[in-house]
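K.L.:
Using the sequences and the hints, build the whole thing.
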Amino acid sequence: MDFSFSQEQEMLRDSVSRYLEKNYDFDARQALVSSAAPWSAEVWNQFAELGLLALPFSEDQGGLGGSIGDCVAFAQSFGKHLVVEPYVSSIMLAGAAIAASDNTANLDWIEKLASGEAVAGFAYEEGAGTAHPGLIKMVAEPSGDGFVLSGEKRLVLAGADADILVVAARVGVSGPVALFLVGKDADGLNVSAYTTIDGRSAANIRFDAVAVGADAMLLEDASEALEQIIAKAIIVQGAEAVGAMDALLSLTAEYAMTRKQFGTPIGTFQSIAHRLADMKIAYSKALATLTYTAALANSGAITARDVSVFKGQLGKMGLAIGESAIQIHGGLGLTDELNIGHYHKRLLAFDAQFGDHSYHLRKLGQR
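No gaps in the numbering here: position 332 of the sequence shown is 332 in my numbering, and each next residue is one more.
Hints are computed from structural coordinates only; laboratory data are not their basis. Here the structure is a predicted model, which means the values were calculated and not measured. All the given hints hold, so there is nothing to weed out.
Straight-line distance between alpha carbons at most 25 Å, and here's what the computed DSS-like set of lysine-lysine pairs gives:
hint, residue 1, residue 2
1, K280, K260
2, K112, K184
3, K137, K184
4, K285, K363
5, K345, K285
6, K363, K137
7, K280, K345
8, K22, K345
Derived Cβ-Cβ restraints for the label pairs, each shown as a range:
hint, residue 1, residue 2, range
9, D215, S174, 22 to 28 Å
10, D215, D336, 44 to 50 Å
11, G330, G365, 34 to 40 Å
12, I197, R18, 24 to 30 Å
13, L64, N103, 19 to 25 Å
14, A277, I197, 24 to 30 Å
15, D187, A301, 43 to 49 Å
16, D185, H274, 52 to 58 Å
17, A41, G330, 33 to 39 Å
18, G127, A253, 36 to 42 Å
Glycine is no exception: its CB is placed at the ideal position from the N, C-alpha and C atoms.
P.N.:
Below, the structure is given as structure tokens:
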């Protein structure tokens, strides 16, 4: 396995990093989150120009045929800048689900997603961080030549503004979990929009007997495909989390060496120095875990156990780093004007989605 980025991946990472450094500082990000816009259309179009939206799709589908390593290469910059644009939800989750379908009629949607013309929502979560497709309870009852969807999906990122929804539902009460493509204007959709704790646009969506045709089914038995799609999304989200951890470590170390008490930088106090050392060790472990897991995924050798190790370790270490950063910053770490608390909220959000660290560590028998 190769644990290093290729020259092309380094160039891609540098391009994304330079763009975000110039156009997506904390103040610009906060102004965006405070506005009525769910995300920046200009930034989304720039992601399309850079090829990020087309990257995960195969060349046969009009994409660039990129690997998971390509996405990991730039995703750390997303975490460092607390990007709120729905890259993982629209491209890595909903887009990947559409791409997994054999229905060639859906290629038009992939083209629209890859070009930035459309955004897709991934309606999967049903509460408490739905960790496995087997926990899906929403039902798609066969009806005539199609299906009727009933139930509620929660935390659908970009759900209120998406052009199309990919919905996971069980066929009948005890049938397999299938994936359906549902238009945003379908009768029976009730959308409740809100902003997540980490500043992203999301919605809870209730499906009140939403009728769809048989051609709306993307995959009839999607459990295996969903596990693979979610695993890749978790890795990219993990790269974002590692980027946030890196930013927290750098900002906190700088603060500790400039903030003085009794005329002395607080970073020289033993308790603070030990806490900073623990943060650095946790970050180093998180980065190593990301590097190893991404290499496993690139080589096709990754297993469900590897994903749980990754999710459990990064979730636990991310929370530890965030909590330590807030402690060292004192009351300032809790203010909305300082970016420290916002990084911590992004790490909280990463931990909660698709099963928190406690779930995955219990799954491994570690606690």
